[in-house]
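Student: These protein sequence lines are chains A and B, in that order. Going by my numbering, the first residue of the first sequence is number 1, and it counts up by one from there. Going by my numbering, the first residue of the second sequence is number 1, and it counts up by one from there.
Incorrect hints may have been included.
What the hints assert, rightly or not - So the derived list for chain A, only partly shown, Cβ under 10 Å to chain B, looks like this:
id	residue
1	18
2	22
3	26
4	41
5	106
6	108
7	110
8	113
Claimed, not checked - Computed list of chain A residues with no C-beta within reach of chain B, every gap over 10 Å:
id	residue
9	13
10	29
11	42
12	55
13	62
14	65
15	67
16	83
17	84
18	93
19	100
20	112
What the hints assert, rightly or not - To spell it out: a stretch of chain A is covered by chain B in this simulated footprint if at least three of its residues, at any positions, have a beta carbon under 8 Å from a beta carbon of chain B; those stretches are:
id	region
21	30-40
22	43-49
Since the hints were made in silico from the structure, they are not lab data. Note that CB positions come from ideal geometry on N, CA and C, so glycine has one too.
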Amino acid sequence: GNSVTQMEGPVTLSEEAFLTINCTYTATGYPSLFWYVQYPGEGLQLLLKATKADDKGSNKGFEATYRKETTSFHLEKGSVQVSDSAVYFCALSRGNTGNQFYFGTGTSLTVIP
Amino acid sequence: DTAVSQTPKYLVTQMGNDKSIKCEQNLGHDTMYWYKQDSKKFLKIMFSYNNKELIINETVPNRFSPKSPDKAHLNLHINSLELGDSAVYFCASSSGLAEYFGPGTRLTVL
Chain A
1 GNSVTQMEGP VTLSEEAFLT INCTYTATGY PSLFWYVQYP GEGLQLLLKA TKADDKGSNK
61 GFEATYRKET TSFHLEKGSV QVSDSAVYFC ALSRGNTGNQ FYFGTGTSLT VIP
Chain B
1 DTAVSQTPKY LVTQMGNDKS IKCEQNLGHD TMYWYKQDSK KFLKIMFSYN NKELIINETV
61 PNRFSPKSPD KAHLNLHINS LELGDSAVYF CASSSGLAEY FGPGTRLTVL
């Protein structure tokens with residue numbers, strides 16, 4: 001079956017610290033992988049995605065590389081800001097119309113000044 | 001223009017009442033979803049419609065009934081509301097390349 005496992009939070013970091021949020025997946029075939037971000041009081045927004053092995057998705061200083069050999073898609077940012085405080089969701093999809101997206105449980109990040 | 005919109009944003013109601021949440025997307029997507037997010041931020045898929053046809057129906061009480069009058073709309077009707085229905089409900093749409101979420105409807109059942 002298809003599933004996503006991401007590290008449990010909450011995660012608390014000081015401003016300018018390095019961030020890693022781990023995500024591993026189980027899927028048949030070659031899924032597309034995503035990171036979504038949910039800011040307080042808002043819906044989920046697509047942060048970045050990668051559609052094939054070794055692809056790197058990047059946006060707003062965040063990066064994640066699709067690693068097929070380790071079935072991972074870890075989210076990283078070199079220097080976090082207070083405005084990055086949010087809940088981050090890893091997800092996968094087979095990419096076809098009508099296909100289900102599978103979301104991880106979410107990791108809450110709080111960045112303190 | 002808002003891509004995926006939901007109304008209302010907040011809904012407070014008494015146990016036993018019937019309520020509806022509306023969702024509209026202007027992205028031209030074929031697939032729409034309803035998710036329930038609990039207080040711990042866990043996101044659970046409830047329903048998925050593709051071209052007005054139900055394709056995913058997770059283990060959800062039959063008090064919840066989705067209705068898709070056309071491809072751009074997927075409404076959620078809830079009968080006999082219970083305390084445990086309190087949550088944030090998100091509508092989403094997808095072309096298969098990514099999902100786009102609405103802002104959510106916070107339902108509080110008293």
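Student: Hint by hint, work out which the structure violates, then give me just those numbers in ascending order.
Tutor: 1, 2, 3, 7, 8, 11, 18 and 19
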